[in-house]
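Put chain B on the given structure of chain A with help from the hints.
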Amino acid sequence: MTAVGQTTRAPEPVPLRIGGVRAGPGRTVVLRRDRWWMQPAATAAGLLAFVAYSTWAAFRNGNYYAGGVGRDYLSPFYSPCLTHNCHGYVWGPITGSWWEVSPALLILIFPLGFRLTCYYYRKAYYRSFWLAPPTCGIADAGSTNPGGPRARYTGETRFPLVLQNLHRYFFYVAVLFAGILTWDAIAAFRFADGVGVAVGTLVLTVNAVLIWAYTLGCHACRHLCGGNQRALSQAPVRRWFWRNVSGRLNPHHQLFAWLSLFWIGFTDFYIWLVATGTVHDPRIF
Amino acid sequence: MTPHADTPTTGGTGAPPTVTLAIWRGDAGGGAFRDYTVRAIEGEVVLDVVHRIQAELAGDLAVRWNCKAGKCGSCSAEVNGKPRLMCMTRMSTLDTTAPITISPMRAFPVMRDLVTDVSYNFAVARRIPPFAPGPPTGDGTYRMAQFDVDRAQEFHKCIECFLCQNVCHVIRDHEENKPRYAGPRFFVRVASLEMHPLDTLDRRQLLRTELGLGLCNITKCCTEVCPEHIHITDNAIIPLKERVVDAAYDPVAWLGRKILRRARPTPAAEAAASSPAQQHNEVIVTDPPAVSGD
Chain A
1 MTAVGQTTRA PEPVPLRIGG VRAGPGRTVV LRRDRWWMQP AATAAGLLAF VAYSTWAAFR
61 NGNYYAGGVG RDYLSPFYSP CLTHNCHGYV WGPITGSWWE VSPALLILIF PLGFRLTCYY
121 YRKAYYRSFW LAPPTCGIAD AGSTNPGGPR ARYTGETRFP LVLQNLHRYF FYVAVLFAGI
181 LTWDAIAAFR FADGVGVAVG TLVLTVNAVL IWAYTLGCHA CRHLCGGNQR ALSQAPVRRW
241 FWRNVSGRLN PHHQLFAWLS LFWIGFTDFY IWLVATGTVH DPRIF
Chain B
1 MTPHADTPTT GGTGAPPTVT LAIWRGDAGG GAFRDYTVRA IEGEVVLDVV HRIQAELAGD
61 LAVRWNCKAG KCGSCSAEVN GKPRLMCMTR MSTLDTTAPI TISPMRAFPV MRDLVTDVSY
121 NFAVARRIPP FAPGPPTGDG TYRMAQFDVD RAQEFHKCIE CFLCQNVCHV IRDHEENKPR
181 YAGPRFFVRV ASLEMHPLDT LDRRQLLRTE LGLGLCNITK CCTEVCPEHI HITDNAIIPL
241 KERVVDAAYD PVAWLGRKIL RRARPTPAAE AAASSPAQQH NEVIVTDPPA VSGD
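Those sequence lines, one after another, are chains A and B. Quick note: the first sequence, position 19, residue 19 per this note's numbering, numbers continuous. Quick note: the second sequence, position 5, residue 5 per this note's numbering, numbers continuous.
The hints are simulated quantities; they were obtained by calculation from the structure and are not laboratory data. Virtual Cβ for every residue (Gly too), placed ideally from N, Cα, C. Keep in mind that the hints are not guaranteed to be accurate.
[What the hints assert, rightly or not] Below 25 Å or equal to it, Euclidean Cα-Cα: the simulated SDA-like pairs (lysine to any residue) are:
hint, chain 1, residue 1, chain 2, residue 2
1, B, K157, A, H252
2, A, K123, B, R180
3, B, K157, A, V30
4, B, K258, A, L224
[Claimed, not checked] Some chain B residues close to chain A (C-beta under 10 Å, calculated; not the full set):
hint, residue
5, Y120
6, E176
7, N177
Chain A extracted, bound-state conformation (with noise of 0.2 Å):
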């Protein structure tokens, strides 16, 4: 019989050949007739318009928490309660009314990294708005411009975009945000009379769960769950984790990512309207 050692022979190199004429019209030339711009036109759309609204929210520093109008609602933009707009919560504040900088500012700098260095986000901003490339088939914006800023690609070898690598770090600080935000939904349920449910009640416990389901399809989640593994069958608490995470969270990762993204901002804006009193929020039970 043979030895398995004995077939794996390492192979020699041969050259490796760069250059040559490449077949086709001009790079800038569009051969694809398809309606190819509409994803990436559309992923550009839905994050400026995130970013033009989380914007105004971050900076609104009030109306952030629901107290005045006997609702424990706290706006996600906003949690944890760190000042004294939120005074009354179930939780905090931790600085007294001399703080006037929006606490949003400090909050939103984590799920912003936790997002930004997302392997689903960095697809969806390189083609978006680098243009690296466009959508597929394509030629990229650095390659159109011969003697631009961007004819050298170096893709995520070199600063910034080698933090990229930090992933996992923003999931630690994800799964304690989404462990808040799950507080905040569980708060929802406590009224003056008592336990009770409203459409807040709803939409916060939504925004926990769609959290949840983001953070822990995360692909840095999936290789810390087990990926990280070369024989998972011989752990089997993380083997179950692992396919759990693979089969049932990491596919769906681009849909949770955006449902995630639309209804925090739609949470913030419902206790908005709550605080302002512009929405009587509905009791349900």
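Below, chain B alone, put in the same frame as chain A:
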């Protein structure tokens, strides 16, 4: 009846339906798209029509093909600018009201007409340290759990059509990256080895340095064009990126290894230092990179 976009053009009342393909004809000296109009037959794939053009109108048309069943990976080309296998692209899915463009893969130098020189890929393949199992068990056999076999099985479906290599903008649009970038097909190959329960080598530093994993910006085009539907980005490239983070970018993982004194698999570069596969490939620049239409 309202004309449907997929219906071949009839060219007039009662005339048999026809279809026009604009096929790139030429070689390293230059070339252009040339229109060929032939009769349309229901149920055909693009390769069928190319073959009929070859038989009836252009006997000297060069096209590489073999199985006509999507398993040999030979007939890779770009149909209306999209990298695809010609034998797996049904004519009924294309708009035949305008000429359908067929061009060779853009990432590789053209030899003639639709045939390109894909030898770059074979040179890269030889840079990857092969499967290196540890010693067998006491009875002289190797055993693997089915779960571990299943995990890497997806990677073994690769037919080496090199469509993923072709669509990857890292080399498609930046020829200068070729000496320091392996490309999606070979990240799949490394993933199949790194996730093999019997393999003992550690290729992570090799991935970071010579194979250029950091150049990939995970735009998932390789996954989109794969005719075998391998989840190249999610199941091979991203897990490899995370493993490279373990080895090179994660200070906590580094500290953990130091404290726990965990034995690491043999780094590929050390294990096979004397192996020819670990030596740098000689790089030959045949011509200044150029595009015939530029």
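- Numbers of the earlier hints that this structure fails to satisfy, in rising order: Hint 3 contradicted; others consistent.
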